[in-house]
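Chemist: The primary structure of each chain is shown beneath.
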Amino acid sequence: MREHKRSPWLWLLRFISLIVPRRLRADWRQEWEAELQWRASQLAEWQMLNAKNKLSLLWHGAGAFMDALWLQPKRWEDELVQDIRFAARMLRRAPGYTAVAVLALALGIGVNTAILSVVNGFVLRPLPIEKPAELVIAHWGGNRDTQVWGRISWPNYMDLREQNKSFADMCAWIGTPAAISAGESRGAGDSERAEVGWGELVSGNYFDVMGVRPLLGRGFLPEEGRTLNTHPVVVLGYSWWQRRFQADPAIVGKTIYLNGQPFTVTGVMPESFLGSEFYLRKAFWVPLMMAEKFGRGTAWKTDRAKALVKLYGRLQPGLTMAQAETDLNLVAGGLAQLYPRENAGSKIQLTSELGGRYEEATWVLRYGGWLALCIAGLVLLLACANVANLMLARAATRAREIGIRLAIGAGRGRIVRQLLTESVMLAAVGGALGWALAHGGAAVIQTTIPPVPYPISIDFSPDGDVLKWMVVMSLLTGVIFGLAPALLASRTDLVAVIKGMATGRRRRWNPRGALVVAQVTISIVVLICAGLFVRSLGQASKTDPGFRSENLVVMMITPGLLAYDGEASLRFYRELLRRLESRPGVRMAALATELPLLDSRQSRGPIVREGESDPRPNQGFMSECSMVTPGYFDTARTRLVLGRDFTDRDDAAAPRVIIVNQEFARRFYGSEQNTLGKRFRFAQQTSPGDLMEIIGIAQDGRYKTLYEAPQTYMFLPVYQHPYTDMALLISAQSAAVLPSVVETARREIAQLDARLPVGGLMMAEENLALAFWGPRVAAGMASTFGALALILATMGLYSVMTYAVSQRTSEIGLRMALGASLRDVSRLIISQGMRMVLIGIALGLAGALALTRALSGLLLGIGATDPLTFIGVTIALVAIALLACWIPARRAARVDPLVALRQE
Amino acid sequence: MRHKYLSFTMALILQALDNGYRYGFEIMQATGLASGTIYPALRRLEDTLLIKSRWEKQSIAQAEQRPARKYYEVTKAGREVLAEARGRFKLLEQVSAPAETELTPLTEEA
Numbered sequence: 000m001r002e003h004k005r006s007p008w009l010w011l012l013r014f015i016s017l018i019v020p021r022r023l024r025a026d027w028r029q030e031w032e033a034e035l036q037w038r039a040s041q042l043a044e045w046q047m048l049n050a051k052n053k054l055s056l057l058w059h060g061a062g063a064f065m066d067a068l069w070l071q072p073k074r075w076e077d078e079l080v081q082d083i084r085f086a087a088r089m090l091r092r093a094p095g096y097t098a099v100a101v102l103a104l105a106l107g108i109g110v111n112t113a114i115l116s117v118v119n120g121f122v123l124r125p126l127p128i129e130k131p132a133e134l135v136i137a138h139w140g141g142n143r144d145t146q147v148w149g150r151i152s153w154p155n156y157m158d159l160r161e162q163n164k165s166f167a168d169m170c171a172w173i174g175t176p177a178a179i180s181a182g183e184s185r186g187a188g189d190s191e192r193a194e195v196g197w198g199e200l201v202s203g204n205y206f207d208v209m210g211v212r213p214l215l216g217r218g219f220l221p222e223e224g225r226t227l228n229t230h231p232v233v234v235l236g237y238s239w240w241q242r243r244f245q246a247d248p249a250i251v252g253k254t255i256y257l258n259g260q261p262f263t264v265t266g267v268m269p270e271s272f273l274g275s276e277f278y279l280r281k282a283f284w285v286p287l288m289m290a291e292k293f294g295r296g297t298a299w300k301t302d303r304a305k306a307l308v309k310l311y312g313r314l315q316p317g318l319t320m321a322q323a324e325t326d327l328n329l330v331a332g333g334l335a336q337l338y339p340r341e342n343a344g345s346k347i348q349l350t351s352e353l354g355g356r357y358e359e360a361t362w363v364l365r366y367g368g369w370l371a372l373c374i375a376g377l378v379l380l381l382a383c384a385n386v387a388n389l390m391l392a393r394a395a396t397r398a399r400e401i402g403i404r405l406a407i408g409a410g411r412g413r414i415v416r417q418l419l420t421e422s423v424m425l426a427a428v429g430g431a432l433g434w435a436l437a438h439g440g441a442a443v444i445q446t447t448i449p450p451v452p453y454p455i456s457i458d459f460s461p462d463g464d465v466l467k468w469m470v471v472m473s474l475l476t477g478v479i480f481g482l483a484p485a486l487l488a489s490r491t492d493l494v495a496v497i498k499g500m501a502t503g504r505r506r507r508w509n510p511r512g513a514l515v516v517a518q519v520t521i522s523i524v525v526l527i528c529a530g531l532f533v534r535s536l537g538q539a540s541k542t543d544p545g546f547r548s549e550n551l552v553v554m555m556i557t558p559g560l561l562a563y564d565g566e567a568s569l570r571f572y573r574e575l576l577r578r579l580e581s582r583p584g585v586r587m588a589a590l591a592t593e594l595p596l597l598d599s600r601q602s603r604g605p606i607v608r609e610g611e612s613d614p615r616p617n618q619g620f621m622s623e624c625s626m627v628t629p630g631y632f633d634t635a636r637t638r639l640v641l642g643r644d645f646t647d648r649d650d651a652a653a654p655r656v657i658i659v660n661q662e663f664a665r666r667f668y669g670s671e672q673n674t675l676g677k678r679f680r681f682a683q684q685t686s687p688g689d690l691m692e693i694i695g696i697a698q699d700g701r702y703k704t705l706y707e708a709p710q711t712y713m714f715l716p717v718y719q720h721p722y723t724d725m726a727l728l729i730s731a732q733s734a735a736v737l738p739s740v741v742e743t744a745r746r747e748i749a750q751l752d753a754r755l756p757v758g759g760l761m762m763a764e765e766n767l768a769l770a771f772w773g774p775r776v777a778a779g780m781a782s783t784f785g786a787l788a789l790i791l792a793t794m795g796l797y798s799v800m801t802y803a804v805s806q807r808t809s810e811i812g813l814r815m816a817l818g819a820s821l822r823d824v825s826r827l828i829i830s831q832g833m834r835m836v837l838i839g840i841a842l843g844l845a846g847a848l849a850l851t852r853a854l855s856g857l858l859l860g861i862g863a864t865d866p867l868t869f870i871g872v873t874i875a876l877v878a879i880a881l882l883a884c885w886i887p888a889r890r891a892a893r894v895d896p897l898v899a900l901r902q903e
Numbered sequence: 000m001r002h003k004y005l006s007f008t009m010a011l012i013l014q015a016l017d018n019g020y021r022y023g024f025e026i027m028q029a030t031g032l033a034s035g036t037i038y039p040a041l042r043r044l045e046d047t048l049l050i051k052s053r054w055e056k057q058s059i060a061q062a063e064q065r066p067a068r069k070y071y072e073v074t075k076a077g078r079e080v081l082a083e084a085r086g087r088f089k090l091l092e093q094v095s096a097p098a099e100t101e102l103t104p105l106t107e108e109a
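Respectively, the protein sequence lines represent chains W and E.
Position 353 of the first sequence, counted from 1, bears residue number 352 in numbering that gives the first Met the number 0, the numbering being contiguous throughout.
Position 30 of the second sequence, counted from 1, bears residue number 29 in numbering that gives the first Met the number 0, the numbering being contiguous throughout.
If you are wondering where the hints come from, they were derived from the structure by calculation, not from laboratory data.
Worth double-checking, as some hints may not be accurate.
[Unchecked claim] So, partial list: chain W residues that the calculated Cβ filter (under 7 Å) puts toward chain E:
1. Glu32
2. Ala33
3. Gln36
4. His59
5. Gly62
6. Trp69
7. Gln672
[Unchecked claim] Non-contacting residues of chain W with respect to chain E, defined by C-beta distances greater than 10 Å in every case (computed):
8. Ala61
9. Ala86
10. Thr851
11. Thr864
12. Arg890
Remember, predicted model here, so these are calculated numbers, not experimental data.
C-beta atoms are modelled at their ideal positions from N, C-alpha and C, and glycine is treated no differently.
This is chain E alone, in the form it adopts within the complex (with noise of 0.2 Å):
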């Protein structure tokens, strides 16, 4: 399946992704994907080892009083990939703003 051409879902996912957002509402936000797509979009890309998952740091969760997130990362054969996706899907290119600040309530009332 590493052979197989992403669809233009999945590529968008793994562009932000590669982008730096790396928890699964941020996805969700960046790409104004519904999470049922998504988190399925998620397992697909980590059982072909084009993302991996990490929980992130127990403590900095026991500190908030929160469970712990999972994040994902891209893989070095995500990132081939990805470019090969950049090549026939022209309007990834646009979609390129690297995660800086943590989405503010502003988005949301949009």
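Bound conformation, chain W alone (with noise of 0.2 Å):
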């Protein structure tokens, strides 16, 4: 039998048994030698264990493999669960560590699932619809207008939806703002006080194209999508129906008004749906085929140049966007033969719902929105650094119990995926309190949205998308910051270990001194861009907006969603400018069609001085504008610089006037005192009485963004450009009276007429507020980072300098044993950190030089490389770390030289 031992089956065996997790391999080596031993010695006791038998017994113990193989599963989840009990248990016995370790990581990871569920919900959430992916917006442009590209006229919309091809169904929609109230508003009392909500009017199959099915009663039928005026009916969005209706559950069948007419409510639609656009909610739908309620006329139905709606529709399935959008060009260049005045040169494009959100949001929000991560990011990294340098210090105190592993036999690999499994779980506890973290810091963002007069609903909070991205983001952070101390930790030096001796395993460079440099580059860089940001916002607080908030009241008055028309309008502001400017409290009144900041977006032009001719088409200089009644510029409190304001005697009798601002005047005349007494005019008016003369420079002042390039800007009296839609500035006597100068004008206004809703109220500061949202989102934003880097570099600095100076208490005793002073111990310890901090703030001064320039765009008033920023930043650490040397070294200083040398 013994030599059977010798046996190459039992040679392949134990070879295959290799592969066999180890807690089975014993009973499994027996099962299957025991199998093949037995048979080879039944083979010889009947004398037929020849070559051929010998070679199908190896045959059979090849089948082993197979079996080993499928072993394998068993294995893995075998040694996991072994790994993740083991990793639980080392982490409960260090509590400290844990703790510390788990909270760097909750707030790396918190403060980027934060910043990525804000950047969800601009620009990756999408709507809330059946298949919100396949929705597709055509926009249409034309060769003239760029304002209007998106826009297309209902002709040409028709023509499109029945010629095209490619798409399931087209459908159209229009925004509009309306007043509503649920009864005919005849006294002033306030219940029956229309409201003015923002709506749309779409087009009959907009809720079957856009896939929503209504909460309560139906959409619209295709009979109320069809004929003008014939259908007043109206389907009612959620919110609206909860506040101004109390959510009645027999809305459906009431009539309501909308600009003083009745509608008939149809339905209600849910909750979750906003409308057409993603970050307004829209308070009714309405068929476009009731546009003229809306003050929208009827012209728009047949009139091919009138660009009115907006364009969604669903592709056929299997078609892609590119195929789609040759298809509608085709029929749109078929439209441009047939109607060439309107339609020529005329094209389409196509985006999705979602690349055309992105497209539309303002230029800073989504380079900021990906600023704010990428200095997430680095605060992650901050974070990964201090648990890698915590778990460095941690491997060093498990030298021993990983030498005594590795000496009775784990492989490198095994140590190294425990270790690992452990920093996963620190990880996923981390992620956890992240999460939570996540959820109060999008809370706050949220609040920091500044009351605008539109109903925007975006949504911060952290969804499934977000947690999705938490998880593998926090698995990748496990094993990064896991991976090189493992490593490191499972190189430990055997015999150096089990006999009891400091792991002195001398490194050419020290991994914990390297974190730390690290860890202080990150934090100079990330402290800068802090840095930068408060600097910018102090700036943005000083720069002049060209008007003053203080006591200013605004209101937003629109009587041309009542019908009224330009002269109408023009009677009942005059008489509300008397009534206003003689009551107590009011300092002066007066109107105008744009606010400054609020994105102003009147233009006219193109500019054409006295005596020149009209520019080629397509060319010539438009300027942004505003309509104003007198007595504007000083209720507003804009300077004028020179000249005069309008008086009422500046009406439609009147030679043409105008103010512009100083900007204009060097642009377009060289100097101020040049401009005063020119006149000009606005291209294709050609005769003598459209050329304005101007009568007055206003300073310059910020338009539409505090971060805009000096821009062109005129004043027209609104007296002689009729206007319907106005705001009405009231500047208070003081801040005391603002409250009842609000109360005043609002009786003033329903004195005149009771059914003209008020809205888009702003007092003082928030006139200002959304100019200063963005400035003060990202100075509060850059500063929770620096915040968080420095205590997280901090912490880091502290850990390793006390670490260092535990491991030289023995030279330290020595030291001081043969006369060094306290001092010269101090500063032994003090210099060895400061020089990994020196190091530290070199580099990252160095990387903050060539990555600020990233931010130049969205900085006010100081430039991305500014001195003083860096210096004081660079001080501000250094002072800090200086302290984080100091302590230690004062606790070394105290050592007793005997207990030191004793240690020995």
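Using the hints, put the two chains back together into the complex; each one sits in its own frame.
Modeler: Structure (structure tokens):
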């Protein structure tokens, strides 16, 4: 029997058994060996153990390989469970270390998740409709006005819809405000007062194309979307129904009043449906055929040149956007040939709804969002470096345990795997905590959205997608910060460890020191960004917006919704101003069509100076403008540098006048003195009466955002250029009377016309809130990141210094015994620490110089390499680092030399 | 998995076990399947509790100076599943010769 021990099949089994999970290996080997041996001995008994049979035994032995393969999954899960339980035990045994690591990770992951959910809310979260990814927007671009890019005329829409071969269906929509009330406003009672809501005029098939079903009632029937003014029906939005109609379950069939006209409610939309735009919560949907009741007239139905509606559509299954775009452009080309006057040169571009959204979000939001994500990523790296440092420190204390494990046969891979399990567990717990933090962070950011006169509704709270990203990020984090320490720790010198000596494995560079340098580098970069943003906010506060918001009350008045025409509106406004100015508390009152820093949109042009001829088509300079009443400049406290304000005598009968800003004067006439008294006109207005004389020059200001370059601006007298919807500005005598002034204004308006809704109320600083939102949020977030970075880096430095001191206790004792003073010892320790810090600062400054260029577009009034910030941050960091080194140094110096020496 | 239907191979092995072949090698010879097929199948059957395994008595093994072998038995659940499988695979009914004697060398050579 003994000779069988050397049999080839036994060797084979031995070889194969290497891949069998350790736990099962002994049994497995016994089973196989027993079977083969038994067979071999049987054959031997019968004297049949010849070469052929031996070969067949070997062949059977090879089958063991399949068996061993089959057992592999058991090994993985077996060892994984073992690893997890061991890791949990180890982490529990060192609660301080675990707590610090989890906290650092939670901060890093939480901050990243919060930013991610904000970006998600803006850019990535799809519309809450059926299959949102399929929704496609068709932009119709003409050769004329770029401002109507994206809008199409009704006849063109009808033709596109009928003639295309690539869309399952298309719908049209356009946003509109309206005065909504439950009953016909007769008196001035508050409950009857109409409120301005934002809704949409839509084609009859809108709800079907969008793929959303009403909560109550129904959408629109086909006949309601065909003929003009025959079916006054409306579908309400959920939040409006809740708020203004008290969630009346019997609302379907009732009559409500839009712009003073009766409409029948046919349905209510569910809470999740906002409308066609992802960031605005619409209050109502009305068939486009009723557009006349909303001030649009009826010409749009047949006028091919009047671009009115926006197009959403769903492609037919299996078609790509490129194919559909080609198809639509073919149709557009055909239309251009049939109707050359209106459609010449028009073409169509398709984008998905999500893609289009990305384009529309202002540059600041998009860029800022991604930038914030980058900085948050840096903070996460910092947290990882911190935890990696902690792990290295821990590994040093566990060297003995690791050494023993290696000695009794654990492979290095096994050790690495186990340490990685620990770090992934830390990351998982940190991630869970970070998830909670992210909710809080997103909520905080949500509250910073300033009050604007639009029903903005963006949800920043983290959702399922963000959760998936967070889980992936946590796992990656665990691997990133765990891998290097694990690899380093498993290379322990066995002999030294078991003998109980310190792990004096001399490396050419100290990994913990390198980590500290990395931490300092990253924190400098983050702190400099923070400093830049904070200073930018300071500069923003000092920027002159061109008006003063103290004691200013602003309200939007929209008589256009009640079908006032230009003349009627002007009469209304004249009377309103006359009444207001005599009221107590009111210093001055005026009206304007555009409010500064609230995304001014009106522009006129091209500008043609007196005596010059019209520029060629698509050339020439347009300028932003606003129509104002006399007294505007005094009310808004915009300084008139030269000349005079408009007066009541500058009306339709008088010669045309205009006021421009300083930038306009510089641009068109060289200097302000030159400009006064000059005349110009707009292109294509060639009669002599169209020349406008410049009677005043206003100070420059910011008109759209705080970040804009100097812009030209014009102020036209509204009495010469009638306009219906305007904003009322009242400059109150003092802050105390602001509320009463608001009440007075409301009363006067109601007395003139009780049906007229008033909206968009903003008082004092609220006027600037939107403009300052960007700089404020940036400064707030950057400061948070900066603070986190500082805390993490200081923690890291402190722990490394403490460890370094403990390592050198015996050396310190020796030095002190040999006569070194306290100061010498402190200096020794501090210099060791500050060496790392200074290297980190140098690297960080270099990095910051290179990287902050990316911020320059978002900064106001300071450059990306603002020396004050750089120097200030450096000094602050050096001071804090000195403190972090000094405390351990002091402790080192207080060591009793005898105790220290005895530790040898 | 207990409710999953047995494949023909697994049913064959189960039937062989039911017939009284207990050791891996015997099942190999009785069914003609390769060792690489049988042992994974045995493990799977054991995982789903259709069969159970035991080591033979140490005294016997020591007497013959070889390691103790592992043998398998069908459990009650296994018998039920086997009955269901026999309903599906008519061929199984032909494999029902109980093992009475040990396999002789003659079968090996053939």
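Chemist: Does each hint fit the structure? Answer for all of them.
Modeler: Verification of the supplied hints:
Because the closest C-beta pair between Glu32(W) and chain E is about 6 Å apart, less than 7 Å, the hint holds. Because the closest C-beta pair between Ala33(W) and chain E is about 4 Å apart, less than 7 Å, the hint holds. At its closest, the beta carbon of Gln36(W) sits 5 Å from a beta carbon of chain E; the interface hint therefore holds under the 7 Å criterion. With a least beta-carbon distance of about 5 Å to chain E, the hint placing His59(W) at the interface is held under the 7 Å criterion.
Annotation: interface hint on Gly62(W) holds; nearest CB of chain E at approximately 3 Å, less than 7 Å. Proximity of Trp69(W) to chain E holds as hinted, the smallest CB-CB distance being about 4 Å (cut-off 7 Å). Given hint, Gln672(W) at the interface with chain E, is violated; its Cβ is 94 Å from that chain's nearest Cβ, farther than 7 Å. Taking the minimum C-beta to C-beta distance to chain E, about 7 Å, the non-interface status of Ala61(W) is violated against the 10 Å cut.
In this structure Ala86(W) is separated from chain E by more than 10 Å, as the shortest Cβ-Cβ distance comes to about 27 Å. Residue-level check passed: Thr851(W) sits 61 Å from the nearest beta carbon of chain E, beyond 10 Å. With a closest Cβ-Cβ approach of about 67 Å to chain E, Thr864(W) is found to remain outside the 10 Å limit, as its non-interface label requires. Taking the minimum C-beta to C-beta distance to chain E, about 59 Å, the non-interface status of Arg890(W) holds against the 10 Å cut.
Of the numbered hints given earlier, the model fails hints 7, 8; all others are met.
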